[in-house]
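Asks: In the order they appear, the protein sequences are chains A and B. Positions in the first sequence are counted from 1; adding 205 to them yields my numbering. Positions in the second sequence are counted from 1; adding 947 to them yields my numbering.
Since the hints were made in silico from the structure, they are not lab data. Each residue gets a CB set at the ideal place from its N, CA and C atoms; glycine is no exception. Mixed in with the good hints there might be a few duds.
To be verified - No farther apart than 20 Å at their CA atoms in a straight line, the calculated lysine to aspartate or glutamate pairs in the EDC-like style are these: (1) K378/A <-> D1019/B; (2) K378/A <-> D1310/B; (3) K378/A <-> D1321/B; (4) K321/A <-> D1310/B; (5) K1243/B <-> D1226/B; (6) K321/A <-> D1258/B; (7) K321/A <-> D1009/B; (8) K321/A <-> D1226/B; (9) K1228/B <-> E1255/B; (10) K1261/B <-> D982/B; (11) K378/A <-> D1013/B; (12) K991/B <-> E318/A; (13) K321/A <-> E1006/B.
Claimed, not checked - With the C-beta cut set under 10 Å, the calculated list includes, among others, these residues of chain A facing chain B: (14) G210; (15) A255; (16) V267; (17) G269; (18) V272; (19) E318; (20) L370; (21) R371; (22) T374; (23) A375.
In case you want the letters, here they are:
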Amino acid sequence: MTRFGRILNTIAALITIAFSVLLFYMDAIHGLKLILLVIQTTMSLRGFQAIAYYISMGRHMVGGQNVLYRGMIFLDLGILAGTIFEHPAIYTLVYISLLHVFAGAVSMLRANESRKIGAPWRLKMAYGITNVLLAIAVVISGIVSSQIRVAVWIYSIGIIYSSILRLITAFRKTEIVYIQ
Amino acid sequence: MQLDFHYYATYCAAVIAGYTHDESLQIAYSDQFTDCCSRTLLQKLNGPLSAATTQLQLELMDARTDPTGLQDITRIWASFHFLPGDLDAKVEKYCGKRYLHKYRLICNTNSALLKDTVELARGRGLQAEGIAMHILSDTWAHRYFAGTPTLAINNVNYYFYELVPEGDDFREVQIKFNHDPRSIDDPEKSIYTNSLYQSNENSIMNLGHGRAGHFPDYGFARYKYLPAWGGYKEILKDNPSDYYHAFCQMTFALRCLRTGEEFETGVYDFEAVKPWEADIKNLLEKRQIDASADWKALAEKLSGCEIEDFDIDKYQNEYTAAEGEARDDTFLGRFIMAALAQKSMVTNRIFTSGNPIAGVSVDFAKGGFRGIKDFQKLAKDYGRRQLHD
Chain A
206 MTRFGRILNT
216 IAALITIAFS
226 VLLFYMDAIH
236 GLKLILLVIQ
246 TTMSLRGFQA
256 IAYYISMGRH
266 MVGGQNVLYR
276 GMIFLDLGIL
286 AGTIFEHPAI
296 YTLVYISLLH
306 VFAGAVSMLR
316 ANESRKIGAP
326 WRLKMAYGIT
336 NVLLAIAVVI
346 SGIVSSQIRV
356 AVWIYSIGII
366 YSSILRLITA
376 FRKTEIVYIQ
Chain B
948 MQLDFHYYAT
958 YCAAVIAGYT
968 HDESLQIAYS
978 DQFTDCCSRT
988 LLQKLNGPLS
998 AATTQLQLEL
1008 MDARTDPTGL
1018 QDITRIWASF
1028 HFLPGDLDAK
1038 VEKYCGKRYL
1048 HKYRLICNTN
1058 SALLKDTVEL
1068 ARGRGLQAEG
1078 IAMHILSDTW
1088 AHRYFAGTPT
1098 LAINNVNYYF
1108 YELVPEGDDF
1118 REVQIKFNHD
1128 PRSIDDPEKS
1138 IYTNSLYQSN
1148 ENSIMNLGHG
1158 RAGHFPDYGF
1168 ARYKYLPAWG
1178 GYKEILKDNP
1188 SDYYHAFCQM
1198 TFALRCLRTG
1208 EEFETGVYDF
1218 EAVKPWEADI
1228 KNLLEKRQID
1238 ASADWKALAE
1248 KLSGCEIEDF
1258 DIDKYQNEYT
1268 AAEGEARDDT
1278 FLGRFIMAAL
1288 AQKSMVTNRI
1298 FTSGNPIAGV
1308 SVDFAKGGFR
1318 GIKDFQKLAK
1328 DYGRRQLHD
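Isolated chain A (complex conformation):
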């Protein structure tokens, strides 16, 4: 990674950590609204990103027009996401729990694969199980018991975790030595 890339990654990681700390101190409804705003922004950005991808790469590709259409749809969805702004809880909670279930399932499958060939697997399995438990906690606290605040905290923890990974990546040695 270039030095500039490292700096960008570090800044991005610090901003997301600050954002998740902010979520901890907000009340539940405002917290969820903020999360929805993030999702809305992400979708719009994905739309712009797909259009930019079409211009830079997709137009050289067989069937690349599909990328352009998808970009336009994402952009529309991002704009339309604002219409559910008044009733965001259920949509946001479902999104958070699905996110954790997916991460957990992948980690558990990897752990199982490692176990089969005798490599270390317990840490990966624990990570997978924790993610699934977090998803269950979001569903129980947010949807069943209406403790929306807990769901917001879980989302924040997820963001902090990925920001820390990003920081580690930014400082990891990546150059490959070449010896003739």
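Keeping the supplied structure of chain A fixed, place chain B upon it in accordance with the hints.
Replies: Same frame as chain A, but now just chain B:
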């Protein structure tokens, strides 16, 4: 390519090139082990993780596709399975750098990098020769796909036809792809498994020939399709012919490594292979998803020795039982050293061509050692060779 070619066919090529049974077996083992040496396995052996020559399916699912993650994936797949054909390739129409960098990683045969790969293996032991043979033969099976996740290069669509021999002609059959990794490919019905379409340019599903499934790895496959990068120009791929060329080139390369002759691209040892030409061509034409039994029979006929089945655990105890630097002198230790050298060389060539996709390469001769610690082994090996010289 799969075990049938990487293990048994390589053994045959080595015997024809003049190696003994034991030497041929070690070359063939190293060739096939290139498809097994994953981070998960190295973790189990407590070996250097940077020596990974492949990634397991679930390792890939778990791999990050941020720039650092992509560099790591590219170093593995471009170095060992999709050797770039032309690092200075030009695109006909105007395009941005981002597209150009990926386009230049498209694998093809007879490249300058292939010559470097074979020459790098010289004097580094049978393990290095096995790795080089893996890379050489994969350039024939994997040509036209890139060893980095890229939708714009590696995607294929519904226009994918298999040419099935019928009398003196061929019948075109449209291939049906499914995405269930548990399902077995069915050549009779032309149903094959491929990776799921993912619109994200850098999705792991878009790595190498994942979008065309295992199909390009079958020796009998003849097909035509529209590569994503080809501007709607159809590509006709004839694996029986390509695999035969791979075999003859491998025989030539091994002969060069054994005798000290210089390796040249575009040269095939048709003469030495001629006595077995009919056997090999018949074998390659046979529509079967695993040709191991046929290759094994040919290998045993060639050398008159029994060929043991490939066993991934064969050399693991020797490696784990050795301590400290003695590990580097074990079979797997030498394999690891050769893998690090190959990865370092290919990364350097890609980086110095102005392409950042495989990461940054620092020249030891100019700035000393910097970067990933695992590669210190190379610096030590360099020192040892300097002393020896």
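Asks: Can you give the numbers of the hints that this structure goes against, from lowest to highest?
Replies: 4, 8, 9
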